[in-house]
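J.: In the order they appear, the protein sequences are chains A and B. Mind the numbering: the first sequence is residues 7 to 186 in this note's numbering, read in order. Mind the numbering: the second sequence is residues 257 to 520 in this note's numbering, read in order.
These are computed hints drawn from the structure, not numbers from a lab. Ideal Cβ positions, reconstructed from N, Cα and C, are used throughout, including at glycine. A couple of the hints might just be wrong.
Simulated DEER-style distance windows between Cβ atoms [to be verified]:
1. Q66(A) / D432(B): 49 to 57 Å
2. D432(B) / P131(A): 48 to 56 Å
3. A46(A) / A336(B): 40 to 48 Å
4. D435(B) / V92(A): 54 to 62 Å
5. G156(A) / P277(B): 46 to 54 Å
6. N297(B) / A14(A): 38 to 46 Å
7. A279(B) / S147(A): 33 to 41 Å
8. L310(B) / A22(A): 20 to 28 Å
9. V294(B) / V92(A): 42 to 50 Å
10. A79(A) / P280(B): 40 to 48 Å
11. T8(A) / I334(B): 28 to 36 Å
In silico DSBU-like cross-links for lysine-lysine, where the CA-CA straight-line distance does not exceed 35 Å [stated by the list, open to error]:
12. K163(A) / K302(B)
13. K93(A) / K163(A)
14. K120(A) / K93(A)
15. K302(B) / K93(A)
16. K120(A) / K485(B)
17. K163(A) / K120(A)
18. K120(A) / K302(B)
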Amino acid sequence: MTEPELVARLQTGDTAAEREFYDRHVDRVYRLIYRMSDRADLAQDWTQDTFIRAFQRIGQFRGDSALSSWLHAIAVSITLNGLRTVKRRDAFAAPLEDAALVGRWTTESDPDLKSCMRSAIASLPPGTRQVFVMHDVEGFSHEEIGDALGVAVGTSKSQLSRAREKLRAALAPFARQELA
Amino acid sequence: MTDHPQHPERATPITTEPDRPLAPWMADLARQVTDDVVVPNEMMWKRIQQQRALLSSGAHVTSMSPRQGWTMRRVAAIAAVLVIGVAIGRFVLPSAAHTSAALDVGTLATNASSNNSMTASGADALSADALGPDALEQTASSSDPVRVAMQEHLVRTVALLTTVRDRDPAAGPGLDVTDWAHDLLGTTRLLIDDPSLRDAHTRRLLQDLELVLMQIIQAHGTGASETRKAPSETMRETNLLPRVRAVVTASANREARTDRGGLE
């Protein structure tokens, strides 16, 4: 089924098309939210919310962008709103995150490179992590990130630069191995 | 595109140093970190179907895990008790409650008007901005006990916020204010969790209020000056007191108009 056909059937409320749409996109949506939130329970809740909202609003989809981009924009919006709420609640329940804790391990303590990268991303401050995931992993432009996060393009670039620096520092031992 | 950060703390100094992309192996790795994450497709699909079925039957739902569901049921039970209590109070003692509310609200309306040079229509406009047209419509005409409870709660809140604003931020709130904030925080959370107050503007107002109340509680007895100043700063940044006052004032104006209409 092509995308225009799928959209047309979704707009008529076709249940089989809804399942097809879900199957095509759920993995990427879930992983996007998981990377941004670093919590499986939130990723589940917000993935569900993303699809429910998409089904509710599919009538408004005009095909100006790819269906996946439209869906990802919904996912990002739901995730960012959710993270703001979580941040407000967590701010008084736990000590503030210390960005200096990024990447305090060695190859001896954790030999799994992917695991180290995952931990390094998770250790980034929330705003920095969101910008990094959206730009370097999901391919959003700084303008799109600025729109989504409500920050200036320069701020987005600055946050990305910080994220990269922290990840480079965290993975420095592996970088030497890679070069060798 | 928004070129102006909405919050000062979100503004970050722009680096002038040239940025380098990550090494290709690092960038690839970043994209692969969630490859081995198990996506619970079927479970999420079932929940989506359940929620859509409930939505189509007119019930209000939010996504929740079984653990959240239990918490929400408890919160809903407490909220129901609160609402029933308020409703009983209004119906058993209508004249006393009305007189008291009118006095409180009238005083606040006067204060808001003189402090902010705000006319009644200006207050309505600001209130509309703070709560949104849909919520305001409900606030204006509804005798819904939850809305009534929220209005009465906001009246009490104005008094606390005014007290906090007028105290020396560096000294922090006293024990009396902290106890007061504790009381108001419980009700604020009940209102936040109430399904009939789900519109974004109302939620934002209540969440900002929740944050300030928590900061007031945190500020008591702490030695850190930043923590002591936090409530005042957040109130200033979120423009909280004028927003709450505007809602209260707008409600008072509408009640007064309704009363006049009834007399005429």
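J.: All the hints need checking, so say for each whether the structure fits it.
T.: Outcome of the hint check:
no.: 1; hint: Q66(A) / D432(B): 49 to 57 Å; in the structure: holds, 52 Å
no.: 2; hint: D432(B) / P131(A): 48 to 56 Å; in the structure: violated, 37 Å
no.: 3; hint: A46(A) / A336(B): 40 to 48 Å; in the structure: violated, 32 Å
no.: 4; hint: D435(B) / V92(A): 54 to 62 Å; in the structure: violated, 28 Å
no.: 5; hint: G156(A) / P277(B): 46 to 54 Å; in the structure: violated, 25 Å
no.: 6; hint: N297(B) / A14(A): 38 to 46 Å; in the structure: violated, 24 Å
no.: 7; hint: A279(B) / S147(A): 33 to 41 Å; in the structure: violated, 22 Å
no.: 8; hint: L310(B) / A22(A): 20 to 28 Å; in the structure: holds, 21 Å
no.: 9; hint: V294(B) / V92(A): 42 to 50 Å; in the structure: violated, 22 Å
no.: 10; hint: A79(A) / P280(B): 40 to 48 Å; in the structure: violated, 27 Å
no.: 11; hint: T8(A) / I334(B): 28 to 36 Å; in the structure: violated, 51 Å
no.: 12; hint: K163(A) / K302(B); in the structure: violated, 40 Å
no.: 13; hint: K93(A) / K163(A); in the structure: holds, 22 Å
no.: 14; hint: K120(A) / K93(A); in the structure: holds, 27 Å
no.: 15; hint: K302(B) / K93(A); in the structure: holds, 29 Å
no.: 16; hint: K120(A) / K485(B); in the structure: violated, 42 Å
no.: 17; hint: K163(A) / K120(A); in the structure: holds, 25 Å
no.: 18; hint: K120(A) / K302(B); in the structure: holds, 31 Å
Violated hints for the displayed structure, listed by number in ascending order: 2, 3, 4, 5, 6, 7, 9, 10, 11, 12 and 16.
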